[in-house]
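Asker: As a plain string of letters, each chain reads:
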Amino acid sequence: MEIVEQSAVYPPEHHVLRDLALEVQSVGAVNRAWMPVTDNICNARGRVHTGLVATMIDAICGGLAAVAAAPGWIATADLTMHVVQPLVGDELGAVAKVRRAGRTTVVLEAEVFADGNEGDPLAVATATFSVLERRDANPILTATGDTAESRHPFVGRIGSFAEPAYSACGFRSSAHGIEVDVHEYILNSLGGVQGGVLACLSDAAVVQALGTEFETVDLHLVYLALAKQGPIRAVPTVLRRGDANGSVAIDMSDVGAGRRTTVANCVGVLW
Amino acid sequence: MREVVDPGRPVTLVAESEIVPSIIDENGLLHAGALFTMCDCVAGFCGGLGALPDGWVVTTNLMIRSEPVVVTAPLQLVSTVLRRGRNAVVTEVRARDALDQVVAHGTLTSAVLTPSEGVPHWERPAHLDMHAPHDGPHFDTWLGITVDGSDVVLELVDDLRNPWGIMHGGVTSALVDAAAKHATRLARSDAGRRVRTNDVALHFLAPAKVGPVYASGRVLGVRPDGTIVEVEVRDRGADNRLVAFAIATVGNVRRS
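Sequence lines, in order, name chains Y and A.
Quick note: the first sequence uses the numbering used here, first residue 1, plus one each step.
Quick note: the second sequence uses the numbering used here, first residue 1, plus one each step.
Chain Y on its own, in the form it takes in the complex (with noise of 0.2 Å):
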């Protein structure tokens, strides 16, 4: 499976998900998908953030389901990742599948895993996506006929991170929690910031919430509308912290459209 780049609407030439330089292979009804860990796209702990791992999660699970609801197209629904061991290793892969393939949605699940070590997973992933009409604009997804030793660039050119990502993405902290521009680097094939980024900003504003000592170790999104207009504005509340955990509801707006444009409820623990 693979984007063939049938326009140069998406993804243009600089864009988090060749930054991340995913490698993909789908065999079957199966994706798997690669990403290397660099130090940019670590916390300050030397863990991958969470964010960017549900980024990729939701990369590899949106070709699947781009694939199952042709000749329709998708937009991610819900996305929930829970982190089962740190999220560190030379390597962080992930494979999915389909669990149900429906008029109107898709639903999947994912497992990550570290340097080929399959089968113990780091975290564990589901999301749901809704099935679109196609417009012209949207990606074509193929099935590659991959093998087992086939693996290939997601987004044809990989690029890389000049900056820590979430600087490259262009988080930045204010007195209302986390917030975003929107802007070419982020958004997804329908025009407005990618689910993945929106769980980046998710697990920023938890981190900023309880404290750089924490990671966020559960993320729970649902995506209400598409953000389009900005900035993106992600507004934690801290709903209980205990000794080692914290429980946070985050509230993400379009404040140029004034609309809510996702939820999400994350945990955070020390590690």
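The hints are simulated quantities; they were obtained by calculation from the structure and are not laboratory data.
Note that beta-carbon positions come from the ideal geometry of N, C-alpha and C, so glycine has one too.
Warning: the hint list may mix true and false statements.
[To be verified] From the derived model, a few chain Y residues whose C-beta atoms are all more than 12 Å from chain A:
| no. | residue |
| --- | --- |
| 1 | Val27 |
| 2 | Arg135 |
| 3 | Lys228 |
| 4 | Gly256 |
[To be verified] Covered stretches of chain A, as calculated for chain Y (at least 3 residues, CB under 8 Å):
| no. | stretch |
| --- | --- |
| 5 | 57 to 68 |
| 6 | 86 to 96 |
| 7 | 107 to 118 |
| 8 | 199 to 207 |
| 9 | 223 to 231 |
| 10 | 238 to 249 |
[As the list claims (entries may be wrong)] FRET-style restraints, in silico, Cβ to Cβ:
| no. | chain 1 | residue 1 | chain 2 | residue 2 | range |
| --- | --- | --- | --- | --- | --- |
| 11 | Y | Gly28 | A | Val210 | 27 to 33 Å |
| 12 | A | Ser189 | Y | Gly156 | 46 to 52 Å |
| 13 | A | Glu18 | Y | Val238 | 27 to 33 Å |
| 14 | A | Arg218 | Y | Gly28 | 18 to 24 Å |
| 15 | Y | Gly28 | A | Val20 | 46 to 52 Å |
| 16 | Y | Ser150 | A | Trp164 | 40 to 46 Å |
Based on these hints, arrange chain A on the given structure of chain Y.
Answerer: Positioned in the frame of chain Y, the structure of chain A alone reads:
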């Protein structure tokens, strides 16, 4: 449960519940399965009202965080429609106790369907009373959940069906809670460990129509705040069809 009407605001439901002994767990905390069921009922009914007059709803996805706190009665649950789409309704739900502690919070997504017998009629603002007996059996016992080896199981009796005639989503969430705890206890050497399900992400894939319904947990790993368990729910009477799957976090409960 009562609907709160505020012009210009989305559909909102407020529910209050006494905390009867049958929904307290062995740790003295609110039973997570009962709490998930309450959240499913309130958020699902709210979604149904949001779907009117075009259709009624069936739950497709329940994501709830249940906080391990000692609760002071009464419990208040508030649910609001976050999004009303053509095919789905998303509602949020938040439960607080008399001390204003957040006890549970999450979201529920429902598919909008048209019942063959027509869309149900509700006087608006809607009002619905459900009473639990103060001295009834424990929640899991009342549901009929039993252990069968590494699985938990229940018979699909009529009391456990929703208006569509299929197993109620809240019952499924209670079964997932029981299976996740059972798998955690089996996997850990300290089998008497006190545990509680703190978090569930539950996807409904197909209706459970026949029964018995089995739920099987698989421990994926352990982290400082709990054990991560994958649960599959199958309708054994319908060719063992997979009807739901979930990821749950089962927390350790400190002995006081």
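Asker: Take the hints in turn and mark each one as holding or not.
Answerer: Cross-check of the supplied hints:
1. No Cβ of chain A comes within 12 Å of the Cβ of Y:Val27; the nearest lies about 22 Å off, and the non-interface call holds.
2. For Y:Arg135, the shortest C-beta to C-beta distance to chain A comes to about 16 Å, beyond the 12 Å cut-off, and the non-interface label holds.
3. Here Y:Lys228 stays apart from chain A, with its beta-carbon at least about 16 Å from theirs, past the 12 Å limit.
4. Distance check for Y:Gly256 against chain A: the nearest CB is about 19 Å away, which clears 12 Å, and the non-interface claim stands.
5. Given as covered by chain Y, the stretch 57 to 68 of chain A passes the check, having 5 residues with a CB less than 8 Å from a CB of that chain where 3 are the minimum.
6. Coverage of the stretch 86 to 96 of chain A by chain Y holds. Counting CB-CB distances below 8 Å, 4 residues qualify, and the rule asks for three or more.
7. For the stretch 107 to 118 of chain A, the assignment as covered by chain Y holds, since 3 residues bring a beta-carbon within under 8 Å of that chain's beta-carbons and 3 suffice.
8. Counting residues of the stretch 199 to 207 of chain A whose CB lies closer than 8 Å to any CB of chain Y gives 5, which reaches the minimum of 3, so the coverage claim holds.
9. Check result for the stretch 223 to 231 of chain A against chain Y: holds, 5 residues qualifying (beta carbon to beta carbon below 8 Å, three or more required).
10. With a threshold of 8 Å between beta carbons, the proposed coverage of the stretch 238 to 249 of chain A by chain Y holds, since 4 of its residues qualify and at least three are required.
11. Between Y:Gly28 and A:Val210, the C-beta spacing of about 30 Å keeps the proposed range 27 to 33 Å intact.
12. Separation of A:Ser189 from Y:Gly156 is about 50 Å and conforms to the stated range, judged on CB atoms against 46 to 52 Å.
13. Between A:Glu18 and Y:Val238 the C-beta distance comes to about 28 Å, which sits within the given range of 27 to 33 Å.
14. Separated by about 22 Å at the C-beta atoms, A:Arg218 and Y:Gly28 satisfy the suggested range of 18 to 24 Å.
15. For the pair Y:Gly28 and A:Val20, the supplied restraint of 46 to 52 Å holds, since their beta-carbon distance comes to about 50 Å.
16. At about 45 Å, the CB distance of Y:Ser150 to A:Trp164 agrees with the hint of 40 to 46 Å.
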